[in-house]
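Enquirer: Sequence:
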Amino acid sequence: MIYAVGDIHGHLDKLDQALALIEADGGAEAPVVFLGDLVDRGPASCQVIDRLLEGRAAGRDWTVLLGNHDRLFLDFLEEGRIWSEHIKSGVSWLNPRMGGAVTLASYGVEASEDAPALEAARAAVPEAHQEFLRSLPRLHEVGDLLFVHAGIDPRKPLDWQDPVDLIWIRDRFLNYRDPLPWLVVHGHSAVDYPEHCGNRVNLDGGAGHGRDLIPAVIEGREVSLLTDRGRVALRP
5 MIYAVGDIHG
15 HLDKLDQALA
25 LIEADGGAEA
35 PVVFLGDLVD
45 RGPASCQVID
55 RLLEGRAAGR
65 DWTVLLGNHD
75 RLFLDFLEEG
85 RIWSEHIKSG
95 VSWLNPRMGG
105 AVTLASYGVE
115 ASEDAPALEA
125 ARAAVPEAHQ
135 EFLRSLPRLH
145 EVGDLLFVHA
155 GIDPRKPLDW
165 QDPVDLIWIR
175 DRFLNYRDPL
185 PWLVVHGHSA
195 VDYPEHCGNR
205 VNLDGGAGHG
215 RDLIPAVIEG
225 REVSLLTDRG
235 RVALRP
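For the record, in the sequence shown the residue sitting at position 193 is 197 according to our numbering, with numbers rising by one throughout.
Worth flagging that the hints you see were computed from the coordinates, not collected in a lab. C-beta: ideal position from N, C-alpha, C; glycine also. Hints may be right or wrong, so weigh each one.
What follows is a list of derived Cβ distance ranges for each label pair [as the list claims (entries may be wrong)]:
#, residue 1, residue 2, range
1, L162, A119, 23 to 31 angstroms
2, D148, A119, 30 to 38 angstroms
3, R233, S116, 17 to 25 angstroms
4, V236, R174, 24 to 32 angstroms
5, A127, L178, 17 to 25 angstroms
6, R181, A61, 40 to 48 angstroms
7, V195, L57, 40 to 48 angstroms
8, G84, L57, 20 to 28 angstroms
9, P141, L178, 16 to 24 angstroms
My request is simple: use the sequences and hints to build the entire structure.
Expert: Now the structure itself:
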């Protein structure tokens, strides 16, 4: 039995609610995989990272994956970049649609496209947060479950996956209907409610767009969502 949490997007209150549901269902020692996109859009990205670091320091069995928004945050801190060829809308990371400025605000830094405040951000974001984000893996395989932020290229074996695809891919993965070697559990592509598509489970229910953060529990290939009313089966 393993638990999974989709895209948090800087919402500490939603993360805490999800963790409470997981602990009530599986106890404090339950293994949990966080599917990335810890930051951006919500008001508490700094505090979300703090919460995850606290849990890991306390010995919780938590695996945290890298999301594309987490990588964009690092790209800014490391290279000063606010634009990415992977953002199909063409907006910058500091545009309100992407939410980077809100992330920096959670560290006490006021920034905009015209005034990115790079040096202030580098001074304000703790090195422990930066090292944590740099350390995050892009894949987590458990038996016939594969956890990843965005998805995989279904035409390639696992060893040949492009690291960019693992945090950015959409159509080539989302439109693939044939069986895969694993049940792939992912986020990244926001939907109105978590969905089971047979070969994959999408847990990005849109917490970054005002909806709930609904955790899941997986036993074998059986998936259930955790709610305040208990488990709700999620089926294809």
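Enquirer: Look at each hint and say if it fits the structure.
Expert: Here's how the hints hold up against the structure:
Between L162 and A119 the C-beta distance comes to about 42 angstroms, which lies outside the given range of 23 to 31 angstroms. A hinted range of 30 to 38 angstroms for the beta carbons of D148 and A119 is inconsistent with their spacing of about 49 angstroms. The given range of 17 to 25 angstroms is broken by R233 and S116, whose C-beta atoms sit roughly 43 angstroms from each other. Hint check: V236 to R174, Cβ distance near 27 angstroms, so the stated range 24 to 32 angstroms holds.
Between A127 and L178, the C-beta spacing of about 39 angstroms breaks the proposed range 17 to 25 angstroms. Hint check: R181 to A61, Cβ distance near 42 angstroms, so the stated range 40 to 48 angstroms holds. Taking the beta carbon of each, V195 and L57 are about 29 angstroms apart, not inside 40 to 48 angstroms as hinted. Our hint of 20 to 28 angstroms for G84 and L57 holds, since their Cβ atoms are close to 25 angstroms apart.
P141 and L178 have their C-beta atoms about 22 angstroms apart, which keeps the hinted 16 to 24 angstroms range intact.
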